[in-house]
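Take a look at the letters that make up each chain.
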Amino acid sequence: MTAESKPELRRDVTVWGSFMWGYADVGADIYAALGLVMAAAQGGAGLAFGVAGLIYILIGLAYTELASAYPVAGGGQYFTLRGLGDFWGFVAGSALLLDYTIDVALFATASAGYINFFIPAFKHFSMNLGPFRGINPIWGMEALVLIGFLIWLNIRGVRESSLFNEIIGAIDLVTESSIIVLGFLFAWRPELLVHQWHTQFPTLKKFMYGSSLAIISFVGLESISQAAQETRRPATVIPRTSLVLIFTVFIFALSFSTLGLGILPWQVLAANEGDPVATLAHSIPLIGALAGPFTALLGATILLISSNTGVMGSSRLTYSMSDLGLISEWFHKVHPRYHTPVRTIVVFALIGVVQTVLSFLTPRAMDTLGNMYAFGATLGYTLVFISLIKLRFSDPYSPRPYKVPLNVPIQWRGRTVEFPVLGVIGMLGVFGVLVEVVLTHQIGRIAGPAWVVACFLYFAWYRRRHGMPIFRSVPREWEKQQVAVLTSAEEFDLLEEYRFALADRDRRQKGNR
Amino acid sequence: MSGQPALNWVDRYRLGTSVLMALLGAVVLYRVLSAAPSLPGVLLGGALLAFGLYRLSFYWKRWRGAGGR
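Protein chains in written order, with my numbering: chain A, 1 to 513; chain B, 1 to 69.
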């Protein structure tokens, strides 16, 4: 097959584009998560965001190391496949794919929630439909229209949608910063924060539910690594954008929760789970009358971008999975004109549509979607941490422009390996949240594993049909692929470093014979 | 030539946000400690102050390195 007949993803994403790709996803989460976490963690919502945020920082550092070392589409799924083999790579991929599809549904729903800030009749609409009580089909229809718009946008190509992300993301950065600064200066009352902390701290079960919901702020980092194959000079760009993103989002999440509990009772934010940040901005004196509607408009837009990154991420992830022989090549086709993976965009956005419809058959659609979200993320990230540790041993030759800090040098088979202590701490932290999810998420603990099992059945069928092993890996030429990736990314210094490390290894192996 | 490195608009933006972060962190810490000490408030104020000062330290090193001592 010639190069012309097999189009590849274009390297179009710049430093700013890479940052905004992640920020649009992860930075927007607070707009959706604030009300949900307040409803669960109550007076302890600030701590719930803080605990989840610390784990998120560790996940971010792990992704930064891996995405800059292996700058290909696929993210956590690819890292796990490199580290643990095909089967676990598929498990991680299916878990993260679940999150991307929920990402599409959850953030389109939240975006519609902020639109409804201007139409209270839609916001408070409720009806009974057969056995389904207190549902809001108008809100659901709005969400479905938004998903349809995103499908069209993504089929048109990455250049257009990245530009869309970048402009709106920049406006949002300024707005969120302004709300935080003005809110803390003119409206925040530490006494109210402390009062809620002391008198309305949640039960352990509620706190666990709240902190595991707060973890939904993590998929943005996965988005950056998904975009790695389309990023210019990824090994240089990704560490810069990821590290800035990690701390920006951590500060924003901690700020909004602390600000919210110092301005309003948590019940007010929980009652407005469709538009909590706009409700918060609206209550700031002097600027509230303007800030509320403006934040609602911006929230609707930034959440739409976040939903967009879900469409983009799921299509890139399945592109990678089909490339690696985990799912059918049918998904691998890219559009001959726009160079976008059109089939995966349509299929997985439609799964998001189904999730949206099902969630709107429950009285709290946002909570239902949030409930399902955390399972995939925590399962995927646990596997990524294990892979990070394993790859330090099995692939020390690939250059790592960034390494997770706090490493202990140990001797392993005649060479020194830097053992990542923070990787182990992060793995235990994320696994702890996965346990929280299983204990407290009534829908997620059923729907999440059911999704992974259903995907596995497909995987087993596909691999058997093509004569490939199910639990073992097919032979791969990782070294050739790494050379091709670094060449395509124009990371020539790293390519030189990689070739030198391989040559050094070969020389030593010959010497030992 | 003064020997000072020129600041482009990105540097100025970062410098501005770093100063803002450090100031906001100090305000939050002061208000929390003087009115009603609480873990989330101290954490947030401390994080803002530390992160702002950390970023400012880069510009300070750059300025000193360029002969501005």
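Bear in mind the hints are in silico, worked out from the structure with no lab data behind them. We treat Cβ as the ideally placed atom computed from N, Cα and C, and that holds for glycine. You may find that some hints are simply not true.
[To be verified] Here are the in silico distance ranges between beta carbons for each label pair: (1) A:Ser126 / B:Phe58: 51 to 59 Å; (2) B:Phe58 / A:Glu496: 49 to 57 Å; (3) B:Tyr59 / A:Trp478: 39 to 47 Å; (4) B:Tyr54 / A:Arg499: 50 to 58 Å; (5) B:Thr17 / A:Glu477: 28 to 36 Å; (6) B:Phe58 / A:Ser178: 47 to 55 Å; (7) A:Ser394 / B:Leu20: 38 to 46 Å.
[What the hints assert, rightly or not] Among chain A residues calculated to face chain B with C-beta under 8 Å, some are: (8) Glu191; (9) Val194; (10) Leu406; (11) Ile410.
Next item on the list: Sort out which numbered hints this structure fails and list those numbers smallest first.
Entry: 2, 4, 5, 6, 10 and 11
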